[in-house]
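Sequences listed follow chains A and B, in order.
The opening residue of the first sequence carries number 1 in the working numbering; numbering runs sequentially from there.
The opening residue of the second sequence carries number 1001 in the working numbering; numbering runs sequentially from there.
Treat the hints as calculated values from the structure; they're not laboratory data.
There may be inaccurate statements among the hints.
Quick list of simulated restraints, FRET-style, between CB atoms [said to hold, decoys possible]: (1) B:I1214 <-> A:S29: 19 to 25 Å; (2) B:P1179 <-> A:L313: 39 to 45 Å; (3) A:S25 <-> B:R1051: 31 to 37 Å; (4) A:E309 <-> B:N1086: 28 to 34 Å; (5) A:V209 <-> B:Q1212: 26 to 32 Å; (6) A:L313 <-> B:S1226: 23 to 29 Å; (7) B:N1086 <-> A:T288: 36 to 42 Å; (8) A:P388 <-> B:L1230: 35 to 41 Å; (9) A:L460 <-> B:S1226: 45 to 51 Å; (10) A:Q197 <-> B:N1086: 53 to 59 Å; (11) A:E30 <-> B:S1226: 26 to 32 Å; (12) B:R1088 <-> A:Q197: 53 to 59 Å.
Bear in mind that the values here come from a model prediction, so they are computed numbers and not experimental data.
Just so you know, even glycine gets a beta-carbon here, dropped at the ideal spot from N, CA and C.
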Amino acid sequence: MKSLLGVLILVLGIVTIAVAEPSISASLSETVTDLDHPVQLEIKIENARVTRPPTIFANGLSINFAGTSSRTQILNFRASTITTFTYIVTPTKEGTYDIPPVEVSAGGKTYRTSSLTLKVIHNDSNNAGHPGTSDKPYFGELVVPKDSAYVGEQIPIELRFYFNQRIQYQPYPQGQYPIFDGEGFVTKKYPDPSEKQFELNGRPYHVVVYKTALTGVKPGKLELQSATQSFLISTPFGSRSSPGFLDPFEDYQQQVVDVKTNGASIDIKALPAADRPASFSGAVGDFTLATSAQPSKTRTGDPVSMKVEIKGLGNFDRMEQPKLTNIEGWRTYQPSEETEALDDLGLSAVKTFSYPLVAEKPVSNLPIVEFSYFDPNAEKYVTLKSSPLNIQVDGERLPDLSVPPVSLGAQGAPQPKPQPIPDVLDIQTRPPAPASFLPLTAQPVFWIGQAIPAGGFLLLSFGLWFKNARIASLPHRTLNREKRALWKKIDASDNRPEVLQAAVRILELDIVAQTRSKAGYRKSLEDLIGEEGLPADLRSDVRELVAARGATVYGHLGSEFLTEEERTRIKSVLNRWKAAA
Amino acid sequence: MITRCFLIAAWCLSFGMSPAFATVTWEAANEAYQHGKYEEAKVDYIQLVERREYSADLFYNLGNAWFKLGDPGRAILNYERALVLNPRLEEARSNLRTALKIVGNDDQPTLRERIGDYADYFPLVASIAFWTAAVFFIPASRKQGSFITFWRTAFIAAIFVFVGSAGLSFWVGSGSKDPNRALVVESATDLKYGPAVTARPVESLQIGQQVQLISERGAWTFCRASTDSLGWIPTRKAERVIP
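With the rest of the complex left out, here is chain B (with noise of 0.2 Å):
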């Protein structure tokens, strides 16, 4: 009998209570924001995002829904998460711009940053320009032939476009897949010398602001900001851009 109503009970969870998680999509997410559910919207965006459905548009829906919600900090940092799913999905980052605006963040990105954006093309380019060169390499060092001058330049300007492309794949590393870059979510930020309220303010981080994180302890994250100081700030207050 026992046994009997656990297996009910089961029965019930898995097929009684999880449909409202299970039948989420994509579409009834839309609808809800379309109808102006925002938060109705916003959870039914954040259980795609956990269910790993990650996509740019997911992204890119969940920060409009945090806009409308009020919070331009949460909804910079999906703008941004779109956008290095897809770092040509021009609405985020027009929208970026006017939540960055909201917040009054005018920090300008650097160009590692701006380049890092495009940190995936440049293994790819290296990779295609690698293979090039060695296929060139066969009728370029033949000592005579045909178009030998045309298969030397070719396989010369391979290899130039392979170091180049290699070397900024070097210097821009992971780019924005940077699994330890986070962005200040909440306001009245201070990056601090140590991990407590009382300890003094290093400086004050704006919403928006990128930091590198580097440990944690507790609830403090210690982090690097992108006026390159270090300190200490609570880990509540920044999530990383990679979920």
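Bound-form chain A, shown alone (with noise of 0.2 Å):
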């Protein structure tokens, strides 16, 4: 009984762990920024749904939704949720501030942040130069050729740094690029600075000039506050040197500085919502349209590549895709886009789209691609149209897929056209295939399957190795098997003609087999026995084996049994003979 209440009791704060009450909490960056600083805020929501960020008001500041994040974390057998929306608050004046508590709903209760503090102070190191006080060793300038552009219009500004030609420059650190203060514009990356010449109020100087486009996000007034750079420079104590000359004895202070701009204003028109076509989709600028397509015959149900490039000078990086249209007896698909800058900037570019398409019945022409944008010197919408391309579609009719018809609205009228949110293909329900994120070379397998041919080419090495010697040493053996022969033939054989044949073969053969080796070097028994290097004794032995051998089979004098004795005396000769070789 006690047993079962203690895994009762287990059980229970097994689930009331699993189940965790939401909770909410709001975080600053910082507490104190100055008026050029905007700080993060963040709202953290655990364990709980909320899709809606809280809408947050403060006096004084000006807090805009920046995005939304989300994680799921599993810890102790329990998964959590963290939902953080993050703001961006931009003191808008001095002084010190409240953020009042947020509230956010979930399942059907209110929970609420506490409120938050930001103290804004004034920040006084604005140094900015302008050209018209030339005579600081250095300053910065923003040059903006118009005042007034449309939203979305790209304008394209130089940042100008001026140094005296006594004072050595270089970014700090390197690589770092201008940064502006404002809101409601964007920049494009900078290219890198090029650096001239420059005469101003008869003074020579350096000049770093970064380029950069810069579009108005919204309509109204663009306050650009300046745009600062930091530079590591060197300037010479005293002023010995002449101007423009570089003296390289003279002494240098190396300070970090931040150089300003001046400021500038745009009048950031909104674009007209009079005639705005239907396929206007955000691109301004002055822009041209050409179509392609491959192959020009195909079958239903085959992919075709039609790609669609737009060429001109605007904002490349804001354009969507055309829309098609005539795509009767065609299956769209999300088309890729790659966009080849034509300028350092990227203002004048070729933008291409391709779409994936699918006939779905023999057809002959291809949909037609329809591009709006609004050309800000023109100050009107343009409607570009592609002719139609010719296509030979052979081949059945695909089975249907469209879906079900959307329903009108209550009175049958049609309504308004929502904006299609983009969607994602459907998740994948086959069985799914093992793969593993190491390389290939770090994987087992292919050094097992580089092994297995490496195996292979050792052994056909060894065999072929082996089946060299083995030709080599051919002669050798054969020679040690017929004095194998004849030493058996010794042992056993009473025929004295025979046996001493026999003893004299091997003498022979002892000096075939040392001399094999020596190319064109060939002795006789005789050579050998009168050579100096033969003890004296061995030598009358070994010649008296010789002379008993010619007498005996070839002059067949003497006996024709061998003894014992005779035997003993020829193996005698013929080890001796050996250990003397």
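With the hints as a guide, dock the two chains, each given alone in a separate frame, to form the complex.
Structure (structure tokens):
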């Protein structure tokens, strides 16, 4: 009974842990800031599903929603979800401000954060120079070519940083680019800066020029307060040198300075609502349109790639895919896009959309591409349409995949078409094929695969070597085989001529074996007996043996029967011969 | 008595508690997704990932679940993981494009990144070409014989393929399987000069932008952005592509 109670308590404990209460908290990245520096406000909601970011107001502060993130963590068998809403808080004036508690509803209950306080101080470190104050050793200048533009229109601008010729300078840290103060606009990535000489009020300056393009994102007065770039400058002490000439023996003082430019104001105009084409999606500039397709002959169900090239000058980074019309008989898919910049800023470019298309039935024309943009110079919308491209499609009609028609409103009147929400292709339900994140060269199977042919080659090499060695040793082995047979004959035979013949043959074979490896060098038994190296007694015994062989075998003299004493003597001579050799 | 209680509790933990995790299957996760229970599906897929049952389809489905839950950053990350495991999974490529479009990231991959998707193919091709060249060397090295020109041409061609693919393999390295490759998964991410929120920003990073992780210090990570700028970002704002 007690054990059951224990288990019950344990299970209840686990369940209590698993069902955690939602919680909410708010935090600021900094509690003290200055007018030039926005801070980040984060609202964290744990264990509750909230999709809409709460709206936050505070006097004296501009609070803008920046993004949502959520993550799930599983800790001790408990999964919890944390949703974070991030806001950018921009101070508009000095003072101490309260951000009131933020309320969030989840699961029928309301949760509140605690209030936050932000102190805004005045930062008077602005050392912005202006071209008018050119007696300064360094200053910045913002050059804006126009004072009005449309939302989305790209305005090429230049940031010029002037340095007295006696100053050595470099961006600090190296590779850093200027930072703009202000809001309501976006800038393009900077290409590498250029440097040139410039004369202002009769004084020569080195000028570092950064180019970029600025785009207003909302209508109204766009106030560009300034742009700042840090430089490591080396300034000479005193004024011994003449202006324009660097003295290598002069002492220099190094320091990091923030060089600010002047500000500027641009009137950003809203794009006209009148005559706005349905296919307009935000492109502003001046463009041309060209289409092509591959292949020109296909079958139903086979893919066709239709390329749409939009070329010109404008905001390519905000350009949406063009609209396809006359798509009857075609299945269209999300295109891939590629942008090729034609200048270092990317203002002039070619954007290519590749539409994968599949013909559902035999058709003779590809869909027509419609692309609208706003021309800021002509101040009107322009719609470009591609000419119909011919294509030959053969084959059977494909099964219809169209979705059921959308029901109309209560009165049957057509409703305004909502903005389509991009969706993703459906999930895969087939059995998953296991895969590895290990690079192929880190997987054992790769090296096993290498070991198999390597082993094969090793075996092949060994086989070849073995075969050659066998061939090379064949004469030696034949000699040894013959010698063994002769020795057996000497041991076993009682026939004197036969034994004497075998003994002399052994001597001859020894000579052959000794001189075999020396090309062109052959000795006879007589030559060897005559050499000085042999002991005298052995030499005479061998001569005697050879003579006995000659007399017995060729002269048929002496006994035909071999005595044991003579056999022993012959074997002794042969052994001594072998030892001497 | 205490021992018996402990044993029963352990039994409960292993057979009573863990089935919720042990019985998570691919089919169950897919069913949850198809019934619109995206949160449940996501947790199930994550458990499959934690069990290291890696597959391109698993990460693709997990990416879809994140997408449906309104987190395009982690959707992009998981589509990338699916493409690392299977660069020919066109559905993942299409969904990746959609998610990148939603977050406004129109950065085009560099040539090296595109080739890096196929980094595993180069050592494979190089090794096949090497052994083919080794085999062709035997007939090609003879002074005369039938088809001697053919064998010599084939040997030289195999050597060229070996050198080319080995060079490409060296150039792309681990490619998309680089363990230090990470993607920015949260918005409002600034690359900063130092590991502090008060540090000045180097540049703003977009969701889905690739960064190369170099070192970690506390909650901050030193990294190289795709523009080659170096700086610090909060560790939680970028996740490694290789889990």
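Here's how the hints hold up against the structure:
1. Distance hint for B:I1214 and A:S29: a CB-CB separation of about 23 Å, consistent with the stated range 19 to 25 Å.
2. Between B:P1179 and A:L313 the C-beta distance comes to about 42 Å, which sits within the given range of 39 to 45 Å.
3. Checking the proposed 31 to 37 Å range against A:S25 and B:R1051 shows it holds: the Cβ atoms sit about 32 Å from each other.
4. For the hinted restraint 28 to 34 Å between A:E309 and B:N1086, the CB-CB distance of approximately 30 Å keeps it satisfied.
5. Our hint of 26 to 32 Å for A:V209 and B:Q1212 holds, since their Cβ atoms are close to 30 Å apart.
6. The supplied range of 23 to 29 Å is met by A:L313 and B:S1226, whose beta-carbon atoms lie about 26 Å from each other.
7. For the pair B:N1086 and A:T288, the beta carbons lie near 38 Å from each other, so the given range of 36 to 42 Å is met.
8. Between A:P388 and B:L1230 the C-beta distance comes to about 52 Å, which lies outside the given range of 35 to 41 Å.
9. As the Cβ distance of A:L460 to B:S1226 is approximately 49 Å, the hint placing it in 45 to 51 Å holds.
10. Between A:Q197 and B:N1086 the C-beta distance comes to about 56 Å, which sits within the given range of 53 to 59 Å.
11. Here the CB-CB span from A:E30 to B:S1226 is close to 28 Å, well matched to the stated 26 to 32 Å.
12. In this structure the supplied range 53 to 59 Å holds for B:R1088 paired with A:Q197, their Cβ-Cβ distance being about 55 Å.
Going down the numbered hints, you'll see the structure goes against just number 8.
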